[in-house]
Amino acid sequence: MRKILLHPAAKPALFVLCLLPLSWLLYAAATDQLGANPAEALIRATGDWTLRALCVVLAVTPLRVMSASPQLARFRRMLGLFVFFYALLHLLSYSGFDMGFDLAAIAHDIAKRPFILVGFLAFFLLAILAVTSWNRVIRALGGRRWQALHRAVYGVAVLAILHFFWMRAGKHNFAEVAVYGAIIAALLGWRLRRRLAGATVRSDGQSKSIKPS
Amino acid sequence: MLIPSRDSGFNHPHSSEITPRSVYEDRRHMLKLMAGGVAGAALASWAGREALAQQAQAARPGKLAPMAGAKSAVAGAVSMEKLTDYKDASGYNNFYEFGTDKADPARNAHTLKTRPWTVEVEGLVKKPGKYGIEDLLKLSAQEERIYRMRCVEGWSMVIPWVGYSLAELIRRVEPQGSAKYVEFVTLADKATMPFVGSRVLDWPYVEGLRMDEAMHPLTLLAFGMYGEVLPNQNGAPVRLVVPWKYGFKSAKSIVKIRFVEKEPGTAWNKAAQQEYGFYSNVNPNVDHPRWSQATERRIGEDGLFAKKRKTLMFNGYEAQVGQLYAGMDLKKFY
Numbered sequence: 273m274r275k276i277l278l279h280p281a282a283k284p285a286l287f288v289l290c291l292l293p294l295s296w297l298l299y300a301a302a303t304d305q306l307g308a309n310p311a312e313a314l315i316r317a318t319g320d321w322t323l324r325a326l327c328v329v330l331a332v333t334p335l336r337v338m339s340a341s342p343q344l345a346r347f348r349r350m351l352g353l354f355v356f357f358y359a360l361l362h363l364l365s366y367s368g369f370d371m372g373f374d375l376a377a378i379a380h381d382i383a384k385r386p387f388i389l390v391g392f393l394a395f396f397l398l399a400i401l402a403v404t405s406w407n408r409v410i411r412a413l414g415g416r417r418w419q420a421l422h423r424a425v426y427g428v429a430v431l432a433i434l435h436f437f438w439m440r441a442g443k444h445n446f447a448e449v450a451v452y453g454a455i456i457a458a459l460l461g462w463r464l465r466r467r468l469a470g471a472t473v474r475s476d477g478q479s480k481s482i483k484p485s
Numbered sequence: 018m019l020i021p022s023r024d025s026g027f028n029h030p031h032s033s034e035i036t037p038r039s040v041y042e043d044r045r046h047m048l049k050l051m052a053g054g055v056a057g058a059a060l061a062s063w064a065g066r067e068a069l070a071q072q073a074q075a076a077r078p079g080k081l082a083p084m085a086g087a088k089s090a091v092a093g094a095v096s097m098e099k100l101t102d103y104k105d106a107s108g109y110n111n112f113y114e115f116g117t118d119k120a121d122p123a124r125n126a127h128t129l130k131t132r133p134w135t136v137e138v139e140g141l142v143k144k145p146g147k148y149g150i151e152d153l154l155k156l157s158a159q160e161e162r163i164y165r166m167r168c169v170e171g172w173s174m175v176i177p178w179v180g181y182s183l184a185e186l187i188r189r190v191e192p193q194g195s196a197k198y199v200e201f202v203t204l205a206d207k208a209t210m211p212f213v214g215s216r217v218l219d220w221p222y223v224e225g226l227r228m229d230e231a232m233h234p235l236t237l238l239a240f241g242m243y244g245e246v247l248p249n250q251n252g253a254p255v256r257l258v259v260p261w262k263y264g265f266k267s268a269k270s271i272v273k274i275r276f277v278e279k280e281p282g283t284a285w286n287k288a289a290q291q292e293y294g295f296y297s298n299v300n301p302n303v304d305h306p307r308w309s310q311a312t313e314r315r316i317g318e319d320g321l322f323a324k325k326r327k328t329l330m331f332n333g334y335e336a337q338v339g340q341l342y343a344g345m346d347l348k349k350f351y
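Each protein sequence line maps, in turn, to chains A and B. Residues 273 to 485 in the numbering used here are what the first sequence spells out, letter by letter. Residues 18 to 351 in the numbering used here are what the second sequence spells out, letter by letter.
Just so you know, these hints were derived from the structure itself, not from any lab. Every residue, glycine too, gets a C-beta built ideally from N, C-alpha and C. Treat the hints with caution; some may be incorrect.
Estimated spans, in silico, between C-beta atoms of each pair [to be verified]:
#, chain 1, residue 1, chain 2, residue 2, range
1, A, G372, B, S195, 44 to 54 angstroms
2, A, R417, B, K349, 45 to 55 angstroms
3, A, A345, B, D206, 49 to 59 angstroms
4, A, I382, B, E185, 28 to 38 angstroms
5, B, G339, A, R423, 20 to 30 angstroms
6, A, P342, B, H127, 46 to 56 angstroms
7, A, I382, B, D229, 33 to 43 angstroms
Listed below are the simulated DSBU-like cross-link pairs for lysine-lysine, each with C-alpha atoms no more than 30 angstroms apart in a straight line [unchecked claim]:
#, chain 1, residue 1, chain 2, residue 2
8, A, K443, B, K155
9, A, K443, B, K88
10, B, K273, A, K384
11, B, K349, B, K88
12, A, K443, B, K130
13, B, K327, B, K147
14, A, K443, B, K349
15, B, K144, A, K443
16, B, K324, A, K384
17, A, K443, B, K287
18, A, K443, B, K147
19, B, K279, A, K443
20, B, K327, B, K197
21, A, K384, B, K207
Computed, partial: chain B to chain A, Cβ under 8 angstroms [stated by the list, open to error]:
#, residue
22, D105
23, G108
24, Y109
25, T117
26, K144
27, A184
28, R216
29, W308
30, R314
31, I316
32, G317
33, K325
Next comes chain A alone, as it looks inside the complex:
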């Protein structure tokens, strides 16, 4: 396992894997396989994939600790950037297919509808995390401050679920929201429990108790 994770082709392979949903959507759009309302299908699918990518990136640390495979940390940044990438596609789909790139209409929509505002806020936070994902920025900020900043991803997760919940609320259709909500809650709950237990995670991936004995 360790060997696979450290293989030079592992990162490119994951990169290609992360592009598969987009490739499928482009192919389906070109061959008219997105159903009667392709615009709606694209907006929803890019939103779904953002949420899935978010679940995956939030699972990296728990998996790394539980399986004691620090090598997993290599993939975290790329996965995080894919969350941003799909969120950007989601925002562009909404802006283009739904609002016809009418900036005034979009601004009006953000101001008027809480679920759009929440989605936009989540995107804004993700954008900050994306532009501060460079090694140079990490060095400039210092590891501790950078880490504190990037904990904003927990906020993104909560906002994303709220956005999804609100979008489905008018139709009382919460089955899917509950599934994603449970996954995110488990992933964030795991972190909370560790924090309450007094453990921290060192940057090399080894956890160490700082509780005085």
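Position chain B against the provided structure of chain A, taking the given hints into account.
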């Protein structure tokens, strides 16, 4: 019968009056040529619409039993717009009894049993009774009505329905003076409808209209579409179509029509009062709390990058139904 009445149904002409097929088809051919521009631009646009309308009457998807309807004489009942593909109209549906995804009903509705079927008329009427579907079908002459259908979610279609004005039935059952509203109760059968029992809505799905809305000639009791009987997912065997209201007002698979004095509680209104009002007239000026209703996407027609088209007041039926709401604050009675 020299003077045809609205009850006389479709009168077949003498065979000598029927246009020979070759002449008829040649005419269509001519119209198509004209639409192509041979006869000049001004004529072409007229001919294009005509050619389209002819196609609309002719094209049958060939999936279900045929069901013909004569051209309707009701004002506003025959839109000249391009028909939505049958595939989209029968594959992209909101029918929560069969699932919440719009592809679900087409997948799941095959379990619905549409025979035998009775519609019970009850409440404040002089002649309550149970109508077998076969009797309902014969109650009045079937007409083809080409209506715009605007969903509250912001998309629209153009669908050729087959049915007759609900008013035909209402007149026969003779409502009492105290009947102010009509309530439509739809089938809620757990055995054949997999999502009845889910907590999304209160079952059965109930809809309602004010008496004058129900009596309006555009309010259609529909049994078919695209020249065939209704597919199950579109509300077979009998449904309502109220073209100037958001689609959810048009109850599907109706089992009871009840005449009442007070405004009935309707399914979506009970589920989310702020979002779905009793009237729910198509109105570009009154937004849904979570999205704008000013524009819509015509399914199958507006390309991915086309700007959405403007939604029309009362879905374009203002001339016909506007007077029903004269003096009402439509922001309050949304």
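Verification of the supplied hints:
no., hint, in the structure
1, A:G372 - B:S195: 44 to 54 angstroms, "holds (50 angstroms)"
2, A:R417 - B:K349: 45 to 55 angstroms, "holds (53 angstroms)"
3, A:A345 - B:D206: 49 to 59 angstroms, "holds (55 angstroms)"
4, A:I382 - B:E185: 28 to 38 angstroms, "violated (49 angstroms)"
5, B:G339 - A:R423: 20 to 30 angstroms, "violated (57 angstroms)"
6, A:P342 - B:H127: 46 to 56 angstroms, "holds (53 angstroms)"
7, A:I382 - B:D229: 33 to 43 angstroms, "holds (40 angstroms)"
8, A:K443 - B:K155, "violated (37 angstroms)"
9, A:K443 - B:K88, "violated (37 angstroms)"
10, B:K273 - A:K384, "violated (40 angstroms)"
11, B:K349 - B:K88, "violated (37 angstroms)"
12, A:K443 - B:K130, "holds (27 angstroms)"
13, B:K327 - B:K147, "violated (43 angstroms)"
14, A:K443 - B:K349, "holds (22 angstroms)"
15, B:K144 - A:K443, "violated (38 angstroms)"
16, B:K324 - A:K384, "holds (21 angstroms)"
17, A:K443 - B:K287, "holds (11 angstroms)"
18, A:K443 - B:K147, "violated (33 angstroms)"
19, B:K279 - A:K443, "holds (26 angstroms)"
20, B:K327 - B:K197, "violated (33 angstroms)"
21, A:K384 - B:K207, "violated (40 angstroms)"
22, D105, "holds (4 angstroms)"
23, G108, "holds (6 angstroms)"
24, Y109, "holds (4 angstroms)"
25, T117, "holds (5 angstroms)"
26, K144, "violated (38 angstroms)"
27, A184, "violated (32 angstroms)"
28, R216, "holds (7 angstroms)"
29, W308, "holds (7 angstroms)"
30, R314, "holds (6 angstroms)"
31, I316, "holds (5 angstroms)"
32, G317, "holds (6 angstroms)"
33, K325, "holds (7 angstroms)"
The structure shown violates the earlier hints numbered 4, 5, 8, 9, 10, 11, 13, 15, 18, 20, 21, 26 and 27.
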